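Model the full structure from these sequences, guided by the hints.
Residue numbers (numbering that gives the first Met the number 0), protein chains in the order written: chain A, 0 to 146; chain B, 0 to 146; chain C, 0 to 146; chain D, 0 to 146.
The hints are simulated quantities; they were obtained by calculation from the structure and are not laboratory data. There may be inaccurate statements among the hints.
For identical chains, the list gives no copy identity; a pair is met inside one copy or between any two copies.
Unchecked claim - Straight-line C-alpha distance at most 27 Å; calculated DSS-like pairs for lysine-lysine: (1) Lys-69 <-> Lys-48; (2) Lys-69 <-> Lys-123; (3) Lys-92 <-> Lys-69; (4) Lys-92 <-> Lys-123; (5) Lys-92 <-> Lys-48; (6) Lys-128 <-> Lys-48.
This one's a predicted model, so the numbers in the text were calculated from it and none came from an experiment.
Number of protein chains: 4
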Amino acid sequence: MRTIEFHDTTVRVRYAETDQMGVVYHANYLIWFEVGRVELMRAMGFEYKTMESEDDCHIVVAEAYCRYEKPARYDDVLRVRTRVAEWRNRIVKFSYEIFRDADDLLLTTGSTTHIICGSDGRPKALPPKYRDVLLHLHVPNPDRSEA
Amino acid sequence: MRTIEFHDTTVRVRYAETDQMGVVYHANYLIWFEVGRVELMRAMGFEYKTMESEDDCHIVVAEAYCRYEKPARYDDVLRVRTRVAEWRNRIVKFSYEIFRDADDLLLTTGSTTHIICGSDGRPKALPPKYRDVLLHLHVPNPDRSEA
Amino acid sequence: MRTIEFHDTTVRVRYAETDQMGVVYHANYLIWFEVGRVELMRAMGFEYKTMESEDDCHIVVAEAYCRYEKPARYDDVLRVRTRVAEWRNRIVKFSYEIFRDADDLLLTTGSTTHIICGSDGRPKALPPKYRDVLLHLHVPNPDRSEA
Amino acid sequence: MRTIEFHDTTVRVRYAETDQMGVVYHANYLIWFEVGRVELMRAMGFEYKTMESEDDCHIVVAEAYCRYEKPARYDDVLRVRTRVAEWRNRIVKFSYEIFRDADDLLLTTGSTTHIICGSDGRPKALPPKYRDVLLHLHVPNPDRSEA
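The following block contains the structure:
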């Protein structure tokens, strides 16, 4: 199993994602953050889809933050860089940077905090097989006290 | 129970729904059609939410058509006029007209065809209590052969 | 001119806004925040649409934060409570609370920070006519040093 | 210059695109149709972005039709197959098929009809450089009377 620090994935801005200011509507970055964390998980060897369907683990969003530095524009290829910023027994925090791929310009930074829940909406511990994978992530200053 | 021919509901265009052409992105009209048919049902005395949760009846979209005459713009108040264009045992077809409320200009027309399905995805007959309500709708040239 | 502390507006959750977890997808709250601030402005006597088209003032999003307490669900009527949390010459910060209207349950809190820009993307001062309106808002601990 | 009959591009279903029925919300297919036609244009050697910004040619949607055969689900990789179904001087019609990539199952078919407009919203002829490219497309039963 590899130890990784972050994962990069790309998305191309769709016309539907622009608004009449001629730039990307700001809520769409949260959707790309989701793409980033799902692809980070896939790079770590598991699918979020399976986590939901087979292990009844839902990564429910508890907090989201986004800082908009420069606007993304239609047809831009964006590179979403995702890290696991923190993880504890029932909580995972991801951080994100979105770059314009053509010139590496940093457009947006952000983070999302998640609680692991069952389909009943109750918090639950992340199953050991996923925790083991998370151990191979380079997480700066991790709080492993509850893990 | 009232006999109604159509139902009008209004929506106001959100910034998120515009695109860089300075008008509403075309996929959003399908979302307003959905608002139209849900409000038509509510006006007829039942909630689609309950239909799903209590009667396991899902109005699955089988076909959608939209004709764009004039563009809707940011902050416009739109009037969505919805009719039941056709209904049979397992199939309901709605038709829509979207007007700009300020001057009654017709912006968009369209239709959606739906199949009544259970949560297993299988077609099922509409329960009698909903069919009885539909009888009080004025439907031009209804095909009631299967009903 | 009235002095107001906050403004309430309602939205009803659309099917399009739910996801397969059976609750509202988290990015949609940012769109309702936008509805909240636009309706706050309208209650204060001006239209954001006109601010863009006639005064070339765009309220560009610089930061967004959202904390999800309880999930909103399909067909819920939500009450979006919006305040001006802070305003300075070129910067406006709004804060939001979203309640489920049926039982006043607080679902979500958040804030957005905006920079007033021209259509060229450059920061500019808010025109006096809008600043005069903002003076009639009750803003707790306002920073008026630059205004 | 190559002669092509259709162009395939892939998209992966995002969580944001699902709804509480556990499948993709139907309006999203129109967004993928847009991805399909933009990538078809790119494969033919030009960018829609440039067409807008340099040639003031906007491909305005006049009609959209979608037929839903089978539902797409979260995390599915979809293959969007796009053809130019018809083209005349000011009108272009695209047709689409969306397949689930894993097993080639046809999920959706549809079409969109577009009018070439300037940023003033008035119809205009497609510039010769784009028409020349379109000549290299295999279009069944094209109506070239106006071209």
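Item to check | Intra/inter-copy verdict for Lys-69 and Lys-48 if alpha-carbon distance must be at most 27 Å | outcome: between (32 Å within a copy, 19 Å between copies)
Item to check | Homo-oligomer pair classification [Lys-123, Lys-69; C-alpha up to 27 Å] | outcome: For Lys-69 and Lys-123, the Cα distance is within 27 Å only across copies (17 Å; inside one copy 38 Å).
Checklist entry - With identical chains treated as interchangeable, where does the CA-CA distance between Lys-92 and Lys-48 reach 27 Å or less: within a copy, between copies, both, or neither? => result within (19 Å within a copy, 33 Å between copies)
Item to check | 27 Å Cα threshold - placement of Lys-123 relative to Lys-92 | outcome: within (16 Å within a copy, 36 Å between copies)
Next on the checklist: Regarding Lys-128 and Lys-48, is the shortest C-alpha distance of 27 Å or less found within a copy, between copies, in both, or in neither?
Outcome noted: within (15 Å within a copy, 37 Å between copies)
Checklist entry - Can you tell me if Lys-92 and Lys-69 fall within 27 Å by alpha carbon in one copy, between copies, both or neither? => result Classified as both; 24 Å inside a copy, 19 Å across copies.
The structure agrees with every numbered hint stated previously.
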